[in-house]
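> Given chain A, put chain B in place with the hints provided.
Below, each chain spelled out in residue letters.
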Amino acid sequence: MPPSDPAAVEDAPAPRHVHKPLPHDSAAKHVQGAALYIDDIAEPEGTLHVALGLAPVARARLQELDLTAVRAAPGVVAVLTAADVPGKNDVSPAFGDDPMFVEREIFFHGQALFAVVATTRDAARRAAVLGVTKTTVLKPRVTVEEALAADATVLPDYQFGRGDPDQEIERAPRSLDGSFRIGGQEHFYLEGQVALAIPGEDGEMLVHSSTQHPTEVQHVVARVLGIPDAFVTCEVRRMGGGFGGKESQGTQWAAIAALAARITNRPCKLRLDRDDDMAMTGKRHDFRVDWRVGFDDDGRIAALDTKLLARCGYSADLSLGVVDRTMFHSDSSYFLPTVRIASKRLKTDTVSNTAFRGFGGPQGMLAMERVIDAVAWTLGRDPLDVRKLNHYGEGRDVTPYGMTVEDHDVGLAILEKLERSSDYRIRRAEIATFNARSPILRRGIALTPVKFGISFTLTQLNQSGALVHVYSDGSVHLNHGGTEMGQGLFQKVAQVAAEEFGIGLDRVRITATSTAKVPNTSPTAASSGSDLNGMAVMVAAGAIKKRMAQYAAEEWGGTPDQVEFRDDRVFVGNESVAFTDLAKRCHLARISLSEAGHYKTPKVSWNRAEGTGRPFYYFAYGAACSEVVVDTMTGEMRVERVDILHDVGRSLNPAIDIGQIEGGFVQGMGWLTTEELVYDAEGRLRTHAPSTYKIPVASDVPADFRVALHQAPNREVTIYRSKAVGEPPVMLANSVFCAVADALHSLAPGKVVPLDAPATPEAILKAVEELTGSVGF
Amino acid sequence: MTVRPIRFLRRGRLVDVTDAHPRTTLLDWLRLRERAVGTKEGCAEGDCGACTVVLARLRDGRMVYEPVNACILLLGQVDGTEVITVEDIAEAGGLHPVQAAMVKHHGSQCGFCTPGIVMSLFALYHEDAPADRTTAGDALAGNLCRCTGYRPIVDAAVEACTGKPADRFAATETSSAKVLAALDDGADAWLGDADRFFAAPAGEDLLGRILENAADATILAGATDVGLWINKALQPLERIVWLGRVKALQTIEDTPDAVAFGATVTHARALPYLEAVDPDLGELMRRFGSRQVRATGTVGGNIANGSPIGDLAPALIALGATLELRKGERLRTIPLADFFIEYRKQDREPGEYVRRIVVPKLGPSERFRCLKITKRRDEDISTTLGAVMLTLEGDLVIAARIAFGGMAGTPKRAPAAEAQLVGQSIKQAATWRAAAAALTADYKPLDDHRASAKYRMQAAQSVLVKALAEIAGLPSETTRIHPRKEASLAAE
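First to last, the sequence lines map onto chains A and B.
Going by this note's numbering, the first sequence opens with residue 1, and the numbers climb by one from there.
Going by this note's numbering, the second sequence opens with residue 1, and the numbers climb by one from there.
Isolated chain B, as found in the complex:
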C-alpha cells in the first residue's frame, strides 16, 4: 500500500497538504492559509453560496466543472481536483465572459455574494447547453443575493453562458486533464497521523481496516451535513474517514429493471437516472439543496445520515428501494424502509457503512407521484414530502406504497392510508379522501419552525389527494402551480 498526501491542483501547481487539521474547511484554507480572500463566508452552512468555488475534475474521461460550497467542504475532499476561485478566471486581456456580462448587466450591488455568483456562472458557462432563464435560475438556487433581485444576474447568465465555452480553461483542457488523470492514481491518501486524521482510502480493504481500528471515526461522504457539525456545533472531529476516493462506491449500474447507486454517487450524478425513473423524481432532485449541495452531497450520505425529512428517503421507500450495507467482509441487504428505526437512529452498526442503494424502475402497471412542500420553492428543506406508488389493474389498485418525510421521527410508510386504497378503484374521489383521512392514523407530526403539526397534516393529505387524483387522470396543470414535467421516458 502506498499512502500519499491529499493532493490537488491549484493555479497550475500541485499542492500537497501535509500540515492542516483534518477538519480544516476549504474556505478556511483559501482565506486564512493562502490569503485568497476573494471567496467569502456568508453563512458557513452551505446555504448562501457566497463561498462558491469550482472544482474541475475528470469524470469518464471528460472535464467537468462543478460549483461547491467551500465553507462546508473539507480540504481533503478536493483531492484529485483543480480548485478554481474567483480570482483565477479573468482572461489575460480582461474579464472572463461571465464577469464581463455581470458588469454589463449591473449584476452586482454590494458585491459580497458576487464572487460566489460568478463562480456558479463559471460552472454554468462550462456546460454543453446554452442557459435559459429556467436553467440559470436553477444554477443560481444556491446563491443568495439580497441586493439585486436577481434579474440582472439571470440576464448575465443567459447572455454569457452559451454552451460553447471558449475561455482559457477550455483552451488548456487537454493539459489540465492530463495532470488530473495523473492524480487519479488509485493510491490511498492520508492527512495527519494515526490519532488525528483525514483518511481517504481508495479501496474497501483499507476502508474496512480503518473502521475496524477506529470504529468511532466519522464516516464522511459529501460533508453537506458534517460541515455544519464542525462550523456550527463546533464538534471536535479528529478522525475522519472520507469515502469519496473509494472506487467501488462511485458506480452507477443502470439495468432495465433497476438503477443501483454506489453510496458516494452525488445527487448531481444520480439526477438524470432518477429523472428517467419518473419526472417527479427528477424535479425532486432538482429541488434537492442547490447545485453546490448536489455536487458534493451523496445518495448514500443522505440515507445514512437518517434525517427525518430526507427527501430522497421517502421517495425511494415508495419505489421499494433496497440498501446494501457492509462491515468488514459481511454484506447484508435490507429494504430501505427498515433502515430507519426511530429519530436519528438507523439499523447500522459502528464501523458498518452504506454501500449501495438499488432503486427498482416502474413497471408498466405502476404509477408514481412525488410532491415536496416547502416555504420557498428552491433550496429549502421539506415541510412535508409525500411519495405514492400504486400498482394498478385497470382502475383497480392492486398494491400501494406510500411514504412521507417530515411527518414523523423518520421517513415512514403510511400503512393505514395504503390499506384504504388496495382493492379500490382509483377513479373514486371518495377513495382518495378516505386514504387522506387515514393519514391521521399513520402520522403524528410535530410543531416546529417550518410549520405547525396541523399544517403538516393538511398539506400531507392534500399531497396524497393530488397524487391519487393525478394518477386517476386529472391533469397536473389543474392541480399544481408548477405542473409535472412529463418526460418521454416516463412510464405512462
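Looking at chain A on its own, in the form it has when it is part of the complex:
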C-alpha cells in the first residue's frame, strides 16, 4: 500500500497533488463573485432581520430600559432582551462571564442591550437606535494603570521560570530595566460577523455561522435555547476572514439569531454593521511589559525578569490561553538561564480581548526583541550579534517552561542564511553612511528571528475528526472539522485526500464544515488546521483503502498491503482496475466505503500548575530582515525592503504557504505601525471603522519584498512532513518595528530608544523628542 504512514513519505514515489503550488479551491469562484458567504445564501421565504441596541456607556447599572418606541417602529416583529432567554443568558467560551444581553450591569460601551427583529435589516437598524436607557454611570477603568490601581483581574496571576532572577540580575556585570507598551489590534476580517438561523421541527435549529469554531456555536446556541446539543447544527462553508476573531466571538450573533428564530418561528439573520462589529467584538490584547535584564559585557543574558500586564477587557474569554502563550513566547528565540515570566490578566471596562493570529505570542516575542535591542545599544553592538549570541544552542536549549528545543539548529541556520542572502552587513554599513549625512531622514535595519510553538496549549484540543465517503461512482465526499477562512485549508486537505486515493482533485468534493458530520471539533486555530485535519482525513482514507485493498486482493490475488492506489487506478498483483470500477464493485460486495477518521497529536502534555511539560509538538521557525526610512521631523515612515526566510517543513502547497507568510507579515506590520486602537477616558473605542483604523493598503507593502521558503521535512511526524504556517509569519513583522527603532537609535547612539508599539508617526516623533530633547531641524 502507498504510505499511510507519513514517516515513510520521503521514500514514496513523486506525489501527484501534495507539495504542489495549486490554486485555492475557490479561487475561480472568488474572482467571479460566485463564492457564497452567509449573507449571500438565498434567504428562505419569510426571513427576518435582527439588529442590536448597544449600551451607550462603558460601566453602569442599568436602571431602566424603555423599548416602547422600538416596538412601535415600522416593520418590527419582536424585541428581545435577557428576559426572553429560555436557557442561559451566557455566550462565554469557558468561564460563564459573557452575558448575551445586559441584565443589570453594563460592562462595556457597545455591549448588547437588546435585539430588534424586523422585516428588513434597515427597519431593524432604525428601530434599534430608539431604545431609551436610564443608568447609574460609574467611572470606567480603561487603562492598564487604572486596572492595576484597582487590582482588577479576570483570572488569577500566573508565572513560571527557573532560578532566582533577582539575585542573578544583581550579580550580573550589567543590568537594564524598562517598560514597553504594545497596542492591540482589530481583526478587520472583511466579512463582518453574521449568522442565519433556520428553525426546524421539535425545536431543532440550523445555524449558518461565520465561525472558526462550529462546535462552540452549537454548544452556545443549545445553552441559550436550553436544548440538547443534538438539536443544533452549525454549518459553515467559508468565512471572509477570521484571524482568531471568529473563534469565540462569532457565537453571540449566532445565539441571538437562533433565539430570534425560536421566538418568531421564522428564519432570522443577524449581520453586524462594521462600526458595531468593531465596538462589540474583542481584539488582540494590548500589554504593558515591565522588564529587568542582567547580562555580561558581550551581551550574553544571565537573567530576565519580565512582567506581562495584559489588558483583557471585562471578561476572561480566551485570556487564559492567550496570555499563557505570551509567556511561552517571552523567550523569543533566546536562552534565558535564569528567568521569571510573570503575568497579570487585568480587567478593564472595555470589550473582552480575544484570540488574534499568534494568540498572545507576538507580544511576548516583540517584548524580548526590545530587550535584546536595549542590551545591544548600551553595549554599542549590532543587535543581530546579540541575537545570535543568545540564540538557543547546544547545552543552552531548555525553555523557561522546561521544554527542550530539540532543533534549535534550524532556527539559527535560517537566521544566518538570511543574514547572508539579505546582505545585512553591507547594508548596515551603507545605512550608517547615509545617516551620517542625513539630518532629517534616517534609515534603519533589523533582522529578527521567529520561533513559534505549534499545538494548542490546552492539550485536549489537539484532536480532530474527518468524514470521508467514497461513492459508488468513485467520487469522494470530503468533510472534516476544520473551517475555511481563506487560509487554504480545504485545498490542502483535498490535496491530501486525492493523493491518498490516487485520484484527480476534481473527483474530491470539498463540503461545508458541519457539526452534524464531524462532532466535538476543536476550533480552527493555533495554526493547527492542516496538521490536525489532514491527518484525520488520512486516517479515514486509510481505513477505506484498507477495505478496498482487502477486496481487491481477494478478487485479483496478492496481499492487501501490496495494493497501490495511483493514477486513478488501483494496482493489484499484475492487474489494475480503475478506481471508479473498484468503488462500484466494493459497493456491490457490500463493503463500507465511508469512514470517520480521528487523530490526536502525539507527545504533547502541559502541567500548568507545575509549569512543566511539552506544550508544543514542534516549533516553526523563520526570520525577516526589514529596512525602513523614518522622517524625524514628522514621524512618517516607509518600509523600503523586506527579506523573509520561513520554515514550512515540506510544504503541502508552497503557493498557499507563501500567501500565508506574506499576508501574516503584512498583518503584523500593520499591527506594529499604522493600526491604532484609541479608547477615550469614557471607555469608548474611537477608532471603530476603516476611516479611522488603518490597516495596510497595497502601497504600504515594500516594492522590494523577497520571500523564500525554508523547505526541509518536519523532524516530527506530521502530514507529509509539513509544518503549520498560519500564525508564525505575523511575528516576522517584529523586524519592521526593530528597524524603526534602529533608525531612531542613530539619533542618539548608546541610548535605549523609547518607542512604543504601534510605531505611528506620533509615536515615532515622541521617541525622537525623548531621545534628542527636541523635534525640528
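Bear in mind the hints are in silico, worked out from the structure with no lab data behind them.
Check each hint, because a few of them may be wrong.
[Stated by the list, open to error] Short, incomplete list of chain A residues facing chain B, as computed with Cβ under 7 Å:
hint : residue
1    : A28
2    : H30
3    : E191
4    : Y551
5    : A689
6    : S691
7    : T692
8    : L709
Even for Gly, the Cβ is constructed at its ideal location relative to N, Cα and C.
Positioned in the frame of chain A, the structure of chain B alone reads:
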C-alpha cells in the same frame, strides 16, 4: 419640461427606476433587489472597497470605466451609466484577463474583498497606459485586503493591465456608447413624488425651483459623505437633489491664469489640472481618498461640506481660490478663505449652492508647497495638512499665504506665521523657525483619535519648515520619505 425616471444600462438592458426609496444605495439595489450577491458589503462607508463596481459612461465622446463604492453611492447617481459588477465580466470562453491573472498569482485567500479588487483591476485594465507597481498600488488604494499582503494582487494587475484592453467590453464599445449617448438626453430625471424624492435636474432652472420649494432638501454631489449620513447616522433623508446631471456644473475652464471647476467636477477629473498647477497638488489629489472616492466625490462637494480637514480647502486657500455661489438668480463670488466661518458652519444660505471654484495658477515669482501628514500614506484623512504659497522677489518674501487643515474648526490661514515671513529672506533658517513658532498663535488644535494636539502642532511646524526650506532650495530627497514629484509643467 420632460421628466423621466432614473435610467441606466445593466446587463444589456435599460433599467427604469420607478419604485425605490430615494436614499436606496446602489449596493442594496444590487444585493437585495436584483439578488446579485457577488458584490460585498465590507464597511458601508466607502473605505474598504469590497463593494466596488464599475460605472461605464461616455465622457467627451469616449467610454470611461470608473470604479465606485456601491455602498455609499445612491441608486439615482448611476443615471446614464452602465453598471458593471463582478458577475458580468467573465468572457464566454472563461475568465476575464484580470480574473485569470488573479487566480494565476494566488491573489485571493478568503475571497471576500476579491470581487471589489477584481472590479478595481477591471477599471485599471480599461485605461490607456500599462500598469506598473506604483499605478497598481494607487488603483488598489481603496481596496482593503486582510489576507494576502497585496503582493500577488499587484503582480496580477501588472500582468493583466497592459493598457490594451481586448475584452468583450472593448469589442462592443461602439454599441454601448450609442446606448449611453441616448441616455444623455438632457432630460430632468426624477424618482419618487413631490414629498419624497431623488431629483436629478439637468439644468439650473429646475434646480433653482426645487431648492426654492424645498429649501430643506439635501443637496447631493458625490455622496462620499452623504452616504455615511444614511448608512451610519441613519438619517432619514427623504428629499434629495442631486447636482450630478446639471451640465453647467460639470465644466472645467482652463485658461493661462486660472483653472475653474464646476462644482460637480469629480476629483478624478480635476486631478490632472491641479497636478499641472503644482506637483504637490497632484500628489495631494492622488492621496485624496481612493480611486473610488475620486470617481464620485466632487470639488464643490468637498468645499461645501465644510470639513475642518478638507484636504482641498487648505491647498486652494493658499492658492487664493475664489468661490462662486448661486441662489435663484443671485450669483456671488467670495474668497474661499471667507467661506468657512466656524466648525461645520459655512457662508451658505439655505437653497444656495456652490457653483464654481476658480483656482489661480502660479505666477513666475510664486512658489507653492503642500504636505499632508497621515497615519497611513494612502487613503487616509489628514492629521494635518499644510499649504504654503510665497511670492518672492529674489530671496525676499513679498507675500505669503499659508493655510492648514486639521488645526482648527475649519481650514484656516496662518496670519501670524505669514507675518513672520513677509519682508524676510527665504534663505534664513531662523526665518523658517520663527514662522513655525508663530503657528502656536495661529492654531489651537484638538486631541482626538487621529493625533494629540501636541503632535498636530509639532507636525504642522515641521511641515512649514520643510516647505520653506524646500522653497529656499533644499532638495526634497533630503526632506521627505516620498520626494516631491517635480513635473515639467511646474512653475520652477
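> Please go over all the hints and tell whether each is borne out by the structure.
Hint check results:
1. A28: holds (6 Å)
2. H30: With a closest approach of 3 Å, the A/H30 hint holds.
3. E191: It holds, given that the least Cβ distance between A/E191 and chain B is near 4 Å, below 7 Å.
4. Y551: violated (40 Å)
5. A689: Cβ of A/A689 sits 6 Å from chain B, so the hint holds.
6. S691: holds (5 Å)
7. T692: holds (5 Å)
8. L709: violated (14 Å)
The structure fails to meet hints 4 and 8 from the earlier list, while all remaining hints are met.
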